[in-house]
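J.: The lines below spell out each chain.
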Amino acid sequence: MYQLTNVTKKYDQGKRSVTALNKVTLSIPDGQMVAIQGPTGGGKSTLLQMLGALDRPTEGTVELGTSNLSKLGDGPLGKIRAQEIGFVFQGFNLIPTLTAQENVETALAPLGIPAAERTARATAALASVGLGERGSHLPAELSGGQQQRVAIARALVKEPAVLLADEPTGNLDEQTRDEIMELLEGLWRDRGLTLIVVTHDSAVAKRAQRRLLIKQGVVKEIS
Amino acid sequence: MFVTYLRRELAGRRKQTAIVAIGMALAIALVIIVNAVSSGVQLAQSTVLASVYGVGTDITVSETPAAPTEGEAGANGPQNFDFGAEDGATTDGTTTVSQARLSVDRATTSFDSAALDTVSGIDNVTAAAATLSLSNTTFDGALPERSTTDTGTMPTGDDAAAGGTPPSGGPDGAGGSSFSVDSFTVLGLDPADEAVGPLSAVTLTDGRSLERSDAGTNVAVLDASYATTAELVVGDTVAIAGTDFTVVGLVTASSADAATASNVYIPLDVAQTLSGLDAQVTDIYVQAASSTDIDQIQTDIEAALPDSTVKTQADLASSVSGSLSSASDLVKNLGLWLSLIVLAAAFLIAILFTISGVTRRTREFGTLKAIGWSNGKIVRQVAGESLVQGLIGGVVGIAVGLIGILVINLVAPTLTAGSATTEAAGAMGGPGGGFGQAAVEATTSDIVLQVPVTLSVILIAVGLAVVGGLLAGAIGGWRASRLRPAEALRSIA
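Protein sequences, first through last, are from chains L and V. Number 9 in the UniProt record's numbering belongs to position 9 of the first sequence; there are no gaps in the numbering. Number 106 in the UniProt record's numbering belongs to position 106 of the second sequence; there are no gaps in the numbering.
These are calculated hints, taken from the structure and not from any lab test. Check the hints yourself; a few may be wrong.
[What the hints assert, rightly or not] Taking lysine-lysine pairs in the DSS-like style, the calculated list, with each CA pair at most 27 Å apart, reads:
id: 1; chain 1: L; residue 1: K23; chain 2: L; residue 2: K220
id: 2; chain 1: V; residue 1: K377; chain 2: L; residue 2: K71
id: 3; chain 1: L; residue 1: K215; chain 2: L; residue 2: K23
id: 4; chain 1: V; residue 1: K377; chain 2: L; residue 2: K79
id: 5; chain 1: L; residue 1: K71; chain 2: L; residue 2: K23
id: 6; chain 1: L; residue 1: K15; chain 2: L; residue 2: K215
[Unchecked claim] Quick look at which bits of chain L chain V covers, simulated, 3 or more residues with Cβ under 8 Å:
id: 7; segment: 41-54
id: 8; segment: 72-79
id: 9; segment: 104-114
These numbers come from a predicted model, not from an experiment. We treat Cβ as the ideally placed atom computed from N, Cα and C, and that holds for glycine.
Working from the sequences, and respecting the hints, build out all of it.
T.: The structure is reproduced here in structure tokens:
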């Protein structure tokens, strides 16, 4: 469960300071599917970075389970990311020189899992997203939808508690968007994940159990 | 994962890998070639020096001859052969006179042999040997019997008008004369000293060399070339200063131009006695314990023997001239700087490409950090990639360098080496010889440059490749480790 309390995040841009998050207080129970919407520059990605232990707030606390993410150092935050949080990005962020199989395995590398088990789990993860036969392909040899499936497999192969998706369908056409969202929803249901999706797309947001609107750094519930 | 990722990165970014590796390879090849050529040139210099100054000698001690004062002939002054009224033997109207002299060469001077003990007592001197460099000059003359040519009166006018008494006697029977001068070099040396000095620089070709037991005896070892010219073999006798010496061996000097080469070698004590130079020597050859001790020994000798001239191999090396010297200067100056510049450029290229690669891979590293990769793991990955690029460059560089060395050795450029030596006058009193005079002459020899391949050169190359790779990797890795995942991902959003 996430618990954010009075979270403020400010960025220094030259001489002026920009407030990306302004005293955000928020609870997200385990297993919930949440959509975060809002205009560009409203603070969506910043909120996702706080939730993903990629950054620390300027003020306030971010707790994931029993861990206070706002107080931990880089090392422990890295371990939490490695073990508990999966990321899916709008631009897929696959490593272009590695095959689909190897890209998935990169998520297991920090966990010290033996090579054979790593390979087996990556193969299974690719199969679970419908790319069992594409493990040896480089990202450039895959379509956008397939690349995002590989990214989802990479995020889920370590069996995280939380899956954070930043505009996961932003670069995809409508049909592929629906396929990806169906895949994510299926995985969320099957695995009991906490799924948090940042999106501009209302069609995507409507699939979530809970919708949040973030505007000028302030979060509001959308009923 | 490390190896897979590394392999994929290097294969996937072939252009960058190739540029970094080629830059490194060129630099390393140049370093190998310059280093090897430098060794080859040094080897050639050593060969020239060994042939000129003798093997095993690090320092030579001599004394600069002082100019004779006015009216003083001295040991180094003009030499006369004086004959008394009763000298010579007369047969059939011809008087023959002969005189031999064993004296110090004009260009050298003798000094007290106690200097040898002084030098031997200096710290870090492992061996020292003294020699007495002499020239044996023999004057032979045949002239008409004095009674027929030197009456003390001039022929009268009547005798002249009548035709008088025609000249007679002499080698031609008509009152003429004939003179010949024969000169050869003699080196007196301690037969017990074999490690350093002239005897260490010769090769025995027949008979035996001088031995410790030869001290005080009239035995001689001849230079093989001189022996051939003089028609002497082992077992014959050779006259030195009118004394017969038994030839016990023939040797070949490493070079006819060698300052230590001589026509005849005899025991030092005998040479001193015959030349009237008791307890005198002309040169001391010194061997140092280590090359690092040479400067200290030189300083100590100069302090202990202020009148002496002390020369080291470095001094001698500076006397080597010609294209060998030019090659040496070229390697030392241009080659060294060129290597350093190319090496620095290669390192810079590797570093810049690595930094550029890290910048280009910001999203990649940001993603890896987002999925839990530690800074250390990313630094190791970047450093590993750079190290392998450096090693590829090293391997290619070694191959190119070895090919370069092979080409040089196949071309085998000939270098001319000139060296200033103090050379005794030519033997047999031929033209240009002249009564035991000595002169400073420039001798030249051709040396074929052979470039050696040593393990140290290979190790240096590998070391440079590793250092270059690690340096680039360390800087690139440091830059990658400074990327914060959120900023890295934001920067490409």
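J.: Taking the hints in turn, state whether each one holds.
T.: Hint check results:
1. L:K23 x L:K220: holds (12 Å)
2. V:K377 x L:K71: With Cα atoms ~23 Å apart, V:K377 and L:K71 stay inside 27 Å; holds.
3. L:K215 x L:K23: holds (12 Å)
4. V:K377 x L:K79: Holds - the C-alpha atoms of L:K79 and V:K377 are around 13 Å apart, at most 27 Å.
5. L:K71 x L:K23: Satisfied, since the Cα-Cα distance of roughly 17 Å is no more than 27 Å.
6. L:K15 x L:K215: Since the Cα atoms of L:K15 and L:K215 sit roughly 23 Å apart, the hinted pair holds (cutoff 27 Å).
7. 41-54: With 4 residues closer than 8 Å to chain V, the segment 41-54 of chain L meets the three-residue bar; holds.
8. 72-79: Result for this restraint: holds, n = 4.
9. 104-114: holds (count 6)
Violated hints for the displayed structure: none, as all numbered hints are satisfied.
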